[in-house]
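A.B. asks: Same order as they appear, the protein sequences are chains R and E. All residue numbers in the first sequence are consecutive under the numbering used here, ending with 357. All residue numbers in the second sequence are consecutive under the numbering used here, ending with 1996.
By construction, these hints were calculated from the structure, which means they are not laboratory data.
What follows is a list of derived Cβ distance ranges for each label pair:
| no. | chain 1 | residue 1 | chain 2 | residue 2 | range |
| --- | --- | --- | --- | --- | --- |
| 1 | R | E326 | E | I1827 | 30 to 36 angstroms |
| 2 | R | G318 | E | D1775 | 36 to 42 angstroms |
| 3 | R | A126 | E | Q1896 | 28 to 34 angstroms |
| 4 | R | L163 | E | D1518 | 52 to 58 angstroms |
| 5 | R | S289 | E | R1571 | 45 to 51 angstroms |
| 6 | E | P1537 | R | V170 | 29 to 35 angstroms |
| 7 | R | S321 | E | I1827 | 38 to 44 angstroms |
| 8 | E | R1828 | R | E326 | 28 to 34 angstroms |
| 9 | E | G1779 | R | M295 | 49 to 55 angstroms |
| 10 | R | G318 | E | T1618 | 49 to 55 angstroms |
| 11 | R | T183 | E | N1745 | 42 to 48 angstroms |
No residue lacks a Cβ here, since even glycine has one placed at the ideal position from N, Cα and C.
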Amino acid sequence: MSRLSGVFCRRMAGCTALGLAILLTPATLAEDAGNLYNTAVDVRMGERYFERQCSRCHGFDATGNDETGAPDLTGRLTRGSTDVAIFNIIRDGIPGTAMLPVAADVPDPQVWQVVAYLDSLRYDPGSVVLAGNAEAGGELFWNGSDCADCHMVNGRGSRSGPDLSRVGENRTPDDLLADMVNPQENVAPRWWRLRVTGPDGVSREGYRMNEDSFSLRIMDDGENLWSIPKDGLQSYERIEDSTMPSYAQTLSESELDDLVAYLFSLRREEI
Amino acid sequence: MKNMLRSLLPALLLPALAAAQEQQLQTVITPAFSPVTWERLVDAKNEPENWLMYSGTLDSQRHSLLDQINTENVSELEMKWAYQIPVIDRAETVPLVVDGIMFITEAPSNVTAVDARTGRVYWRYDHELPEDLRICCGRNNRGVAILGETLFMSTLDAHLVAIDARTGNLLWNTEVAPHASGYSKTAAPLIVKDLVVTGIAGGEFGIRGFIDAYDPETGELVWRTHTIPGPGEFGNDTWSGDSWATGGSATWITGSYDAELNQIYWGTGNPGPDWNGDVRLGDNLYSDSVLSLNGDTGEIEWYFQFTPHDVHDYDAIQIPILADIEFGGEMRNTMLWANRNGFFYTLDRATGEFLLGDTYASVTWASGLDPSGRPIRVPGMAPTYEGIMVSPPIVGATNWYSPAFNPDTGLFYVTSFDGEQEFFKRDEDYEEGERYTGGGGRYTQPMDAFHSSIRAIDPATVEIVWEFPIMPRSSAGITTTAGGLLFSGSADGYFFALDAATGEELWNVSLSRRVHAAPMTWSVDGEQFVTIASGNVVFTFGLRN
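Same shape as in the complex, but just chain E:
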């Protein structure tokens, strides 16, 4: 009997084996990858199965219409796969997903395409870097942009590269600025119609910032808009002497675009040297500002400067969130901005008019905003040679990490930090390619004495509707979904979900290493997933089958 069973067993198992093999084969079939047209990018909100750009959509709301994972079942999330980035460094990547293929950027300046369902690699592009990089804050890359079948990526040597999305082959490689002079690039570019729009980093090296647009076919520069006006241009007189030439105002995070207004919105970084303003008297336009640029020509249509003559490194390197909200009894086209300087702003994005602003975190350097939105400075808060305690600290009340806006709740969500730091001033001469910061800062208490919060802010009143404390300081971005969820992470390696309406904790998982990126969500074959980078690993979660 036993023998008979043994002989029968293979035959009995054959159909099951064949089915399993077929299923296995199905998971390795190349997904139907279709070119990403400009029309698809404009309408990205309505193909929520894909995550087509760094902030999800051109308005950068980071809100997905997917609702399969929701407040009722989020506790059933489980890990589906993990992808280990081979180069050890902290991952700041927000992957894209296009028709079942995920594009993950890696430190220092590489990109990998994987099967989004399994995390298995199709191809990897290794960018060759010179040895004399000038980078302030780690070997980071935050993501790619896609148009057609081409990926566009910033590299640490201040190049912009175009890569074939099907093979990883390099199509072109354009030097944006000379890296040896202190320029570098870390942010995902933004596609605007038939242009690749991209910023520059190097605000700690005395660069002169700009926003560029490149031809996606050839890599040729189409326009460049400097974020510091040159001699004879409006605003150049807001820099004493020749300080404009080395004044920083970098543009190291991705901007947003309004297709109806044809305006590109982009934040600018600190004036340089960061902590010594004596050598650059004046308001230092357009540092620490948001610029509205014409979507075809790059010409400045309006600007709003959050922190005139900044001496605390309060970059306006945040993602501009574009949202239509009810304000003063009427619907307004607004831009919502929680700034590193501790103030939240609601602006009219057609004109740049300041509508509303107030603090959303602890602030000691300014006592409020005047009717035009200009900060009212507290005297004696500039850095000194001996050191002076100021809040927010250098890392800011928030920083580059992505906020989100959920149209269902009408709330703006931001990772905020209540901390303080001693600021120092130093005298430094500019030398090309050398750091040019004019000081620094130090904490006088352990980090555990402070904590971060996710704050949900009503943009029509700047009221904090709820907050969820996170310890220690967090540098994770936020994504919300139509499932009523808010996803984010923490510095001590949690990935978690909150109820977007109430802030109630619904689910968390310990991934062990720092979350220094923003989550994104997508679906394949009708099944929703959510992806986050933690430490050096990209994790993908889905519902238990």
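Chain R on its own, in the form it takes in the complex:
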């Protein structure tokens, strides 16, 4: 404790009285004791450490980086869901990946503060009070609306929109409502449309499954998959709009609330 707290206090020089009080907490960290460093001050210190040490790969807002392959840390974490598991990943790194361990002289409490910060980016879905009714939303999704004409949930439905089987894990209720009333905001590149005319003069249009410098791959409205070289294309058009209509006018407020409740319930584990 003495060596650790010495290093820690030196690093934290200037921190508040509250913070110092926390530092004096014995650092005997049983593996299953959970996070003892999760006050508002800890979260703020964890955020500062994250911005300084982790944001280069994981992004300044912890939403990840396609280029470095560093994952989004604001939703469900795939490599560890408990505080202890997250602590161990930060402490030890992930062998064979760019996720290096934190420096050996970074004291455990500081790592726990990062865990607290990452926890603060998520929330306990069980604590969320929803206006709608998930069961009614499910009924509406499957039988009272055209949702399933495009979307799939657990293998049932269609292929013309994102698979929603786990949509509740990474979208908040507010996000889900926004998705339905304003689908043109932040359309993922996977759901852009490409309209191309090949050297044979045949035009094809479909969802942009993948595109690179020399070729593209689409799924057309007949759900046929096409891989087309760009060389020799007579025309190329990229439509970055969503094909999903807004449901702000076509569904009532309570129906939207019910759908939000249903979509929020779609996750690996029941709330």
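Position chain E against the provided structure of chain R, taking the given hints into account.
C.D. replies: For chain E alone, coordinates are given in the frame of chain R:
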């Protein structure tokens, strides 16, 4: 009859088998490896069968005189061999080829010698690393230098090592700077006469940058030139307070050398902390600059600062390309530089005089360059606590990846990026060995909303003669050849060839993983090959037999 044939068969096949065995034996005979003298390095352009240094030649043009693979037959390229780097990480290596032997550096700080014709291993050097490395951006190594029969390599723990090129044995191991304080090394050194010249990384850890020269025999330091002037030296007053001591200005890519002028040219990185300039008021010399150093003493002969008081991490960590071009009606000794800050510069390399400059990618932080080449800043573009959108983004309009110059076309080629990013400022205190960046950035759009281009620039006018779009953002280097070709790669794993004169696509192959290195070309027994690292694998291509 059948039986007779059977009994005859071995006898009939024997001569063919013997010939095949002989051929097989020939491919495993050790090539005639001869020492690489300084004279060979100066004249490297005229032994294009070998790739003797990181940028091919001392002028760093990355242009090979080999023309067996050319615009007519490049579509007949096929893979000859692949070498899997055993440690998983992204490969930034540019191998060397010396008389049929290829030297490949690997993550984290290893080097392997292989038969260049087959990719089979002669030896491997594993560098032992401590556990408390301080590295900003991955476990990278970009290549070795060679002089005589010795290889010189930077290591992540900020050491410089000398390795016997015939056996892989360690000859000496010199600590360049203490790694625990934030120093590291990733770039290939540059041989200048009888010196090993090398830079340092750590610009995100509050280091004080420098360029060093070491004795190749002993590993002893011969000279050190700091890239931030100390107290009493010219330029120290361009740093407020004591900020010079932790001001970064790292030197993490290889420089160039002009043997006639006896000048070494080396780029310097961002001032630190990167995104908070409040604690280091002033121009912050010699960050984001090119330095000309005397080839014997390391003394600064001239400097040119591209981005005074940088607050966007616009390192001048690019390879200085030295080319003699017609400018204003006369031939000039120039240096060509597409900078991370979005501007292209043509400088007189004898004096550092600014001849010409203009944007070559999207730029919002400056409205242009004044007659001395100093950027004219757009007010209100410095990072804020809330975030402000600026172009180029942190990764830059280009970055460390090698550009090329082709004397046949007179064009300069660069991988460029048109993007934008939100920049943030944060208050941080310096702590030795800790990151010291003062902020960061984030994209507000998916990467697929942006694209890179290979741009061919006329260095006498900064006109973009052609461009070839690549998506998404590319971080691959470029090599051109006397066969009229330009080779490069892409982030989504293509390796491709363009017509260097027109930008027309001539050939591509999908290698699947990110190309984060530069291609190089060489030949053995009169047969030309081209080599590129993609993901974790080094691929070599040659013409179909």
